[in-house]
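J.: One-letter residues, chain by chain:
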Amino acid sequence: MGITELLLAAMVLGNIYLFLSSRILVYVKIAAFQGLVLGALSLLGHLDDMELRMGVIVGATTIVKGGLLPWFLARTVRDTGIRREAEPVVGYVFSSLIGVGLLGISMWVVGNLPLVEGSAMQRTVAVGLFTAFSGLFLCVARASIMSQAVGYLVLENGVFLAGMAFQGEAPLLVELGVLLDVAVAVFLMAVMIHSVRREFSSLDADRLRELRD
Amino acid sequence: MLGLWIGVAGMALVGLLAACLGRWASVSRWLGGMGLGVASVIAAVPLVGYLAEGVGAKPVLISLPWGLPLGCGSLALDSLSAFFGLLIVGVTGLAAVYGIAYLRHDDGHRRTGGTWLLLGLLEASMLGVVLAHDGVVFLLSWELMTLSSFGLVVFDHHLPSVRHAGLVYLIAGHLGAACLFVLFLWMANGDPTLAFERMQVGPWANLCFVLAVVGFGTKAGLLPLHVWLPEAHSSAPSHVSAVMSGVMLKTGIYGVIRVVSMLGEPVPAWWGVTLAVLGAAGGVIGILFALAQQDVKRVLAYSSVENIGIIFMALGVGLLGKHLGQPALEWLGFGAALLHSLNHSLFKTMLFFGAGALMHSVGTRQLDMLGGLAKRLPTLAVFCLVGAVAISGLPPLNGFVSEVMVYAGAWQSIGHASRWVASISVGVVLALALIGGLAVACFTRLCGAAFLGEPRSEMAAHAHPVSALMLVPMGVLALGCLVVGLGSWWFIGLLAAPLAAAGVKVAMPPILDPILHWTSLLGAGLLGLVLLLWLLRNVMGGTHEARRFGTWDCGYAQPTARMQYTASSFAQPLTDMFSWLLRTKKQNAEPLTEPFPDSKHFLSHTDDLFLNKVFHPAFHGVDRLLSVGRVLQGGRVQVYILYMLVTLIILLAYQMEG
Amino acid sequence: MMYERALGFVCAVLLSPFLLGVVNRTKAKVAGRKGQPLLQLYFDLFKLMRKGVVYSKSTTFLFRLGPWVGLACVLLALLLVPMTGASSLVSFGGDLILMAYLLGLARFFTVLAALDTGSAFEGMGASREVQFSMLAEPALFMALLAVARLTGAWSLSEMSASVGQLSGAAGVTMGLVGMTLFLVLLSENSRIPVDDPTTHLELTMIHEVMVLDHSGPELSGILYGAALKLWLFAALLVSLLVPMPEGHWALQAGLWVACVFCVAIGVGLVESGMARLRLVHVPRLLVGAGVLSLVAVFLG
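Residue numbers (our numbering), protein chains in the order written: chain A, 78 to 290; chain B, 5 to 662; chain C, 3 to 302.
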């Protein structure tokens, strides 16, 4: 068993924990953990053709994904005092079953892609897809804005992982662009969360509907 | 063969006689019950003889003198018919004997003679269904079966709830029958005799399969077509519920097996998948609803939905085996379906008898009003305990044997290369494990609330003793559960002939042999070990005298029976966990706030989700749609005559043109 | 051959009370206490066997029968579990289903014996027991299914014999299976974080509160049955996850027993390090265990 498989399994376990937990700080920690795992994975992928430019890119992504963004989110959690998800749209037990379904779907999708059966690439894409689905699900099924912000981060982790399977430089650069977008989005959201909290004294995304025309 | 005809004729005659003698209540009861019992035994003899011939037995064909333009009045006895026929006469015969005591309470209030006629007709028509060899005889028997059982369901027709249940049953029965009409006409392919052996399916096998599953599934209680079942089973007298749940549902299973064997090869993959998925859903959802019920008979009725689900799951596995060309899978699936049909007849009949005995003895079927009956009715408690262990699928009794066969089938295809086959197997194992855990919860709840602890009401505290005539049939069935459970290695050989008749042309897979042998052996070992430990404990342990005190209540000075955990509170963690499915309605659920509250009451009940959310809206929609046509029905005779006139003219004109 | 197979069963019958002693000693050491003697449970069993007994007036024969049915079921289930690196005494394809259902039968009678007292406490414990076991059972089956998919076997002994030959790629699956089995072990043996075996009367109690009214020889039967059950799950965990090296059977057996005691130490460490979960969170833990093994099935 390679280290790659172990790291991929860690990603999957992180996602499952995401479905079962109600604490927002746990969500943030998982996102950070996944960021670090991704860093390790991309480092492993580029061990043989490592050069300075690549090293900088990998290092930067790891720091941003595993450190900066989670830290920022964690601080927001602390400032706003929203520690746990009060009212999940979908119950935790049911969420985890949906999670298994999503894993099945992503494996089925990847099985139909023109990839080598049983290859590391296939596995990586499957886990990437599952992670992306998990992030989306978190956005859909949890009411708090904080969870949604973490959801985007997890979604981005998944996209990054899926992209990483097609090793090469260009995707990595594209990834970096996406990462910047997400970073900006998360920062914006965090700022907005502060304002929303001031205005509404609640962080239930449903209440944002009051803002519509 | 002669015995079969004498038996069938006897059923109708005895019923008729008992109905005529209704004025003399006890004569009518004894004549009806004993007569039906004897007729059943007479009919059973040739069936047993035929089954004993084994795989080599030739089908016996009989042609009735037939005057109708459709059909040919042909009957056939093969091993599959004999198997289901034996279930029918066995269970109905016992139910008739039980009914003698059960109906005694109505003596002097009203005449019950008619029920014997209906019961006799029900038994004869069920036999007709399994013996029919052409579509017309089949549908006639089917219709007679539905009507006679309807008559029995509305036994207590003075109650509005019973009338409603009867109506739901009648509608469901006829919608199902409508599918079967289309099915047989389609399969006959223009042949007016509708003989089974001449039926050809052609390219429409898929449509026929859907019609068969809907038509027979409605009768069998396959989710989501089960909605009539909880209503009808809880309304009918208990011995009738026992017959309906124990064997009448199985005619639906028989129908599916028969039609599938007539559809022949090739079997598309989605047939097996559909049955497995519907069965798994029915099993899990059925037992969940059973867990949430208050009424003992409704608990049992929903548990029938669960068991029918298991049978359909087994059929699904068998069809999948047929599709994949895996003989072991095919044999295990179909064999488990047959064996579980038999097992369910044994323990469900017994439990319905038990529910009836409880009702007569205590006067209520509400679980939260019962309690502590094991001390007053020990024999009944032991029989119900045996039934509960068997229906939960636990060793060493029979329920385990059929469930382990489904497990074995699913486990065989876990390693199958194709991912979807493996997924179906994983789903089947998952569903069975869930059903197993939930069934333990459901039946410990039933036994615990009814028989254990202290009586929760005055009625339960003064329960009347149960008549021996009610206990003897239960004892026979309990013995059956034990024999099938412990003798499964021998018993399984009897399934070969019915399976061959059902189109499963393969031998029993060798993997089953060690499981059954060891299950029987360890089951016997278990009984021995329990006995040994019990003896050891009584001989060696505890030199001191046993003392008796009240249950330890943590120092609370005045415990009452009302403080016990009730059936509702026992199930509450699970019903809350699945509240998104069960939709239990609660009244006055808000917690107490004031320090000295007034007296409060709390009410909760769980209605059928599918009846309320699917069928009621659908039927109301149809009602609204069709009410447009009511404009035509103005209520004036002149207008009606005008319609006739117009119709006449149009027809004449059409005829002229033609 | 037969002796080797019987050795594990004899170990289980003799050593299982010692296993609980190890768990308790581990907890005591971590907490900085001296702890009860390692052989405490043996003393307790012996004492209880000779003690008088008090039956509640509400109870029937079921209350007296329940503990013995429970004990007999666990004893028979132990016959099916491979131990000490050898096959189990009784081994056939499908034995894992019989094992799980024998434990189910034990639970059935324990629950009924609890309901027999009519006490609200024991009713509550019984209600929780059926809820949690209903979630633990699918998790157990999924874990065994994952191993079956990897090894192609469907008897516990075959599985245990062929885990040694698995390729490294199966490591992730087996890791997930191990986690599930450990969680099922904690839940089925009512250990922290699901249940707290040291308290009798808090409203969170499950197993201990069900046996509140039992005393004397019946209680000793229950305690012994519980010890055997812990041994059974620990044996399952070790036999399915730890491939035994080739060698003399005595060496294998020694190593195997050492592994079982390591599991006990692990249980003790978990109990020392964790708080009991809130009751409403327990289903999440058990469903999580089931999901883990379901993932293992998918990956395998």
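Keep in mind that a hint or two might mislead.
[What the hints assert, rightly or not] Interface residues of chain B toward chain C, partial, derived using beta-carbon atoms under 7 Å:
hint : residue
1    : Met38
2    : Gly39
3    : Gly431
4    : Leu535
5    : Leu539
6    : Ala550
[Unchecked claim] Cβ-Cβ distance ranges computed for the label pairs, FRET-style:
hint : chain 1 : residue 1 : chain 2 : residue 2 : range
7    : C       : Ala30     : B       : Met567    : 50 to 58 Å
8    : B       : Asp517    : C       : Glu6      : 24 to 32 Å
9    : B       : Gly633    : C       : Arg280    : 42 to 50 Å
10   : C       : Leu271    : B       : Leu585    : 48 to 56 Å
11   : C       : His283    : B       : Ala565    : 29 to 37 Å
12   : C       : Cys264    : B       : Trp538    : 33 to 41 Å
13   : B       : Leu613    : C       : Gly154    : 35 to 43 Å
14   : C       : Leu271    : B       : Trp538    : 32 to 40 Å
15   : B       : Met567    : C       : Arg280    : 18 to 26 Å
16   : B       : Ser427    : C       : Phe63     : 41 to 49 Å
17   : C       : His283    : A       : Gly136    : 32 to 40 Å
These are computed hints drawn from the structure, not numbers from a lab.
C-beta atoms are modelled at their ideal positions from N, C-alpha and C, and glycine is treated no differently.
J.: May I ask you to test the hint 35 to 43 Å on the CB atoms belonging to B:Leu613 and C:Gly154?
T.: holds, 41 Å
J.: Is it true that B:Met567 and C:Arg280 lie within 18 to 26 Å of each other by Cβ?
T.: Since B:Met567 and C:Arg280 have Cβ atoms about 25 Å apart, the given range 18 to 26 Å holds.
J.: Determine whether the Cβ-Cβ distance between B:Gly633 and C:Arg280 falls within the hinted range of 42 to 50 Å.
T.: violated, 59 Å
J.: Within 29 to 37 Å or not, the Cβ separation of C:His283 and B:Ala565?
T.: Once the Cβ atoms are compared, 33 Å apart, the range 29 to 37 Å for B:Ala565 and C:His283 holds.
J.: Do C:Leu271 and B:Trp538 keep their Cβ atoms within the hinted range of 32 to 40 Å?
T.: holds, 39 Å
J.: Against chain C, run the beta carbon of B:Gly431 and see if the smallest gap drops under 7 Å.
T.: At 10 Å from the nearest chain C Cβ, B:Gly431 fails the 7 Å test, so the hint is violated.
J.: Hint says 50 to 58 Å; check whether the CB-CB distance for C:Ala30 and B:Met567 agrees.
T.: For B:Met567 against C:Ala30, whose Cβ atoms are near 38 Å apart, the range 50 to 58 Å is violated.
J.: A closest beta-carbon separation below 7 Å is what the hint needs, so does B:Leu535 meet it against chain C?
T.: violated, 9 Å
J.: Would you say the C-beta atoms of B:Ser427 and C:Phe63 sit inside 41 to 49 Å of each other?
T.: Roughly 46 Å apart at Cβ, these two residues keep to the hinted range, so it holds.
J.: Under 7 Å, Cβ to Cβ, is where B:Met38 needs to be relative to chain C, so tell me if that hint holds or is violated.
T.: violated, 34 Å
J.: Holds or violated: the 48 to 56 Å window for the beta-carbon distance between C:Leu271 and B:Leu585?
T.: violated, 39 Å
J.: CB of B:Asp517 to CB of C:Glu6, is that within 24 to 32 Å?
T.: With Cβ atoms ~26 Å apart, the hint holds.
In terms of the numbered hints stated before, the structure departs from hints 1, 2, 3, 4, 5, 7, 9, 10, listed from lowest to highest.
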